[in-house]
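**Q** Sequence:
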Amino acid sequence: MNKKFTIIFFVATLVFLFSAISVSAMAVPGSYVNTAKRADWTKYGLNPWSWDTDQDGYDDAQEIKNNYCPTNSDYSAVLKSSDCSKGQFNLSKKIYTPPLALSARLPQDLKKFTSCAALSTVAQKRFEALYSSDDTKYNAKLFLGLTSSTDYYSGSFVQIYEADLAGAKADVKTPAGAAYGDIVKTDGQYVYSFGYQNFGIDDESFAVSNLSVVKLGAGGAAKSVAQMALPAGPTYYKIFLSGRYLAVLGTTNLGADSANKFARGNTYVAIYDLKNPAKPRFLRNFVLSGDFKAAVLGKDGWLYVASARDQYDLALRNSGQSTYRLATSTKSAPLVFESNRAFDSKNLSIGKPAVACGSIGYFEKDQSFNYLTISALKMNGGAGVQSTVLFGSVEFGYLTPGNLYLAVSRKIYGNTGLSNTSFYRWNLGRGVARLDASQVVPGDVSDKNFAISADGRHLLVLSGGYNRSTRAEENNFYALDGWNLGRLGWLNNFYWDGSLGNLAVAGKRVYATDNSDGKLAVLDIADIKKPRFAGAGKLPYDLYGLSGKLFSLPNNQFLSFGNVKDDSVTSTSVLSSGRLRFDWSDASDPGFLQNIGRRDLGEGTSYLPGMFEDNYLAWDGKNNLAAFSLILTAPKSDLATTTKIDFNGLMVYRLNTNEKKLEFVGNVARASNDDDNLVTMGINTIRRAFFVGDYLYALSLSNLTVHKISDLSITASVPISNTTELIKAVDIIRNAFATAFASLASSTTSSLIAN
1 MNKKFTIIFF VATLVFLFSA ISVSAMAVPG SYVNTAKRAD WTKYGLNPWS WDTDQDGYDD
61 AQEIKNNYCP TNSDYSAVLK SSDCSKGQFN LSKKIYTPPL ALSARLPQDL KKFTSCAALS
121 TVAQKRFEAL YSSDDTKYNA KLFLGLTSST DYYSGSFVQI YEADLAGAKA DVKTPAGAAY
181 GDIVKTDGQY VYSFGYQNFG IDDESFAVSN LSVVKLGAGG AAKSVAQMAL PAGPTYYKIF
241 LSGRYLAVLG TTNLGADSAN KFARGNTYVA IYDLKNPAKP RFLRNFVLSG DFKAAVLGKD
301 GWLYVASARD QYDLALRNSG QSTYRLATST KSAPLVFESN RAFDSKNLSI GKPAVACGSI
361 GYFEKDQSFN YLTISALKMN GGAGVQSTVL FGSVEFGYLT PGNLYLAVSR KIYGNTGLSN
421 TSFYRWNLGR GVARLDASQV VPGDVSDKNF AISADGRHLL VLSGGYNRST RAEENNFYAL
481 DGWNLGRLGW LNNFYWDGSL GNLAVAGKRV YATDNSDGKL AVLDIADIKK PRFAGAGKLP
541 YDLYGLSGKL FSLPNNQFLS FGNVKDDSVT STSVLSSGRL RFDWSDASDP GFLQNIGRRD
601 LGEGTSYLPG MFEDNYLAWD GKNNLAAFSL ILTAPKSDLA TTTKIDFNGL MVYRLNTNEK
661 KLEFVGNVAR ASNDDDNLVT MGINTIRRAF FVGDYLYALS LSNLTVHKIS DLSITASVPI
721 SNTTELIKAV DIIRNAFATA FASLASSTTS SLIAN
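Mapping of the sequence shown onto my numbering: residues 1 to 755, in sequence order.
FYI, nobody ran anything at the bench for these hints, they're computed from the structure. One should not assume that every hint holds.
As the list claims (entries may be wrong) - Straight-line alpha carbon distances no greater than 35 Å define the calculated DSBU-like cross-link-like pairs of lysine-lysine that follow:
1) LYS299 with LYS43
2) LYS378 with LYS448
3) LYS661 with LYS622
4) LYS279 with LYS215
5) LYS279 with LYS125
6) LYS365 with LYS279
7) LYS661 with LYS538
8) LYS661 with LYS299
9) LYS111 with LYS43
10) LYS111 with LYS275
11) LYS538 with LYS508
12) LYS519 with LYS530
13) LYS448 with LYS279
Claimed, not checked - Between beta-carbon pairs, the in silico distance windows are:
14) ASP40 with LYS125: 15 to 25 Å
15) GLY243 with ASN658: 24 to 34 Å
16) LYS508 with ASN595: 48 to 58 Å
All C-beta atoms, glycine included, are put in the ideal place defined by N, C-alpha and C.
Could you build the full structure based on these sequences and the hints that come with them?
**A** Laid out in structure tokens, this is it:
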């Protein structure tokens, strides 16, 4: 009797716990219960809080129904196989322990170094594993601790790109305080931009800049009210606006760490007060060690900046051959410098460590030795930098106003031979980045195959790779809950054989392109938990190189650019793939893409200057106008080497929705220097275009012009480069380099190598 009562009590308790989990899952947004039967949770050791326990892309219930093992990533394991290991879970604490076989498919835990010595030990082991093999010219015995001798820092492996959120594509029409930076910003009353002067020293390319402030007036009027020379040294990339404060961001080409040692790849930020826009007042500058990767204005009023650098240094250059060595002392860790004194190119010193060694996070099973630093700066110019440092490899990342998403790829060995990609979410708030969620998806994912839904919540991921077991390419789509990275829904093998291209999101549709042959897949995400393959079609041209991108419009329409390959052009340059085609298409019926309008842009090869930064097209939804900067060469010429440019400027087209055609409105031509080509664009090349009201604004590095959208006539032309001040800046940095290189010539490098 007691035994029976005990059993009944145990079963009742178990049922209560299951019910509690269900209620909890329903009460917490973004929590999802396994779709398999509850009786199967314990029977097969499933994870109650995941739809896909073994994370191979197939639902647990689906795998059980088809006799596959739901807790083993090896596709050959079946339910009754001895390889079908089981996981364990604690219902009361909501803890799931996966089978050991699945450990490689789970996100790695982020750990902290206990000391600087521990950091050096881990770095040394990782370095030796990569560079001590017989098939490399690098010998681990050469890699000593950091000395004060001459060191050049190499670039970082880390690649981070800014989030391309709907409505926040670095659009200069967004109000002051928009999250993402660009080379131009406007608050509707003033336009803030950079003017440039490029120059070279000893085969190195540098640029000096000024901050231009142009006041907009009625009737398309514009007047320059300020041209302030920015500190020489950094190359500037971004402008941020937050209320009355403005930040400029760039990368310093030269940063002195000591009298005879200087570093490359530091990120520079300066904050200005715009109480009087005609006289921006300097407040504070920051220098962050590492190459600039991304930045975003947080909801908390801080500016978050991602920078990255390697743990090893390029120690010497003899007869054109580089020798590397490992930097293991605390001085090799990321550093930060801040001052309320104006930046001086003669004193580019990096200051204190960003964080203590014990605060640096790392993934234990990682094999890389790169630093990624997230620095939080106060946009009001206040003192104090708060940093988060990660030691390890990152494929790419997205910064949003409230979160940082990082993707880490890891090779998985076994029957499939596939990789997987781990996504980690850091919450950004009060100047601090906190890791609070992670999720793995099978396959390789690149920055092109990743996007964020229009509501800003869901991560949309395309992954692919060659499965050695099935001997076929696998291309899968996943929708992840960005708030907790829980798996929501997925499609497997929705695509055709071939490489995945770019991903574009338009409302409830996701477009996936294949850059190699112009194929297009359309996915329906009306029910984000159950993405649906809507169909596939073929674009009316092949997508090549830089132009394989889509610009989404309402009503399942989009604009795109594609290169029509010209076999007469024999160059292998990525910029020499043929003439450019501009296309307007309708994907209402994904299986039969309807071409609405199409224009070939000249007979020569061509280039979109803004393509590198995703700001290649300005859109006026009110008047259905599209404007884009374009460079055209003579027919059959090579983009990479030609000096003959037929057109350099802006083209404007109207989408005539009544007659269903693309109408050419006109162009805004700019002069080209004799030595301009499509690789080294001139100072007159239009880098950005944007619409404000009834006017189109075209910005180059030399001037800003304002045009009526009705006929593109000029209403104002304002120079933005202060040539006199820029020449002075060039002289200053030339003198700084002359001093630095003279010091380098007299220093020795014998102490770097162990005999």
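**Q** The structure should be examined with respect to each hint, and the outcome stated for every one.
**A** Hints, verified against the model:
1. With a C-alpha separation of about 46 Å, the suggested pair LYS299 and LYS43 falls outside the 35 Å cut-off, and the hint is violated.
2. About 31 Å separates the Cα atoms of LYS378 and LYS448, which keeps this hinted pair within 35 Å; it holds.
3. Distance hint between LYS661 and LYS622 is fulfilled; the C-alpha atoms sit about 17 Å from each other, no more than 35 Å.
4. Our distance criterion of 35 Å between C-alpha atoms is met by LYS279 and LYS215, whose separation comes to about 12 Å.
5. Taking the CA atoms of LYS279 and LYS125, the gap is about 53 Å. The hint is violated against a cut of 35 Å.
6. As the CA atoms of LYS365 and LYS279 are separated by approximately 52 Å, the hinted pair breaks the 35 Å bound.
7. Using a Cα cut-off of 35 Å, the hinted pair LYS661 and LYS538 holds, with the two alpha carbons roughly 20 Å apart.
8. Note on LYS661 and LYS299: the hinted pairing is violated, with a Cα-Cα distance of about 42 Å set against a maximum of 35 Å.
9. Note on LYS111 and LYS43: the hinted pairing holds, with a Cα-Cα distance of about 33 Å set against a maximum of 35 Å.
10. Distance restraint check for LYS111 and LYS275: the Cα-Cα separation of roughly 44 Å exceeds the 35 Å cut-off, and the hinted pair is therefore not satisfied.
11. For a cut-off of 35 Å, the pair hint linking LYS538 to LYS508 stands: about 20 Å separates their Cα positions.
12. Between LYS519 and LYS530 the CA atoms are separated by roughly 23 Å; this keeps the pair inside 35 Å, and the hint holds.
13. With a C-alpha separation of about 41 Å, the suggested pairing of LYS448 with LYS279 is violated against the 35 Å cut-off.
14. Here the CB-CB span from ASP40 to LYS125 is close to 42 Å, at odds with the stated 15 to 25 Å.
15. With their beta carbons about 43 Å apart, GLY243 and ASN658 fall outside the hinted range of 24 to 34 Å.
16. The supplied range of 48 to 58 Å is broken by LYS508 and ASN595, whose beta-carbon atoms lie about 23 Å from each other.
Of the numbered hints given earlier, the model fails hints 1, 5, 6, 8, 10, 13, 14, 15 and 16; all others are met.
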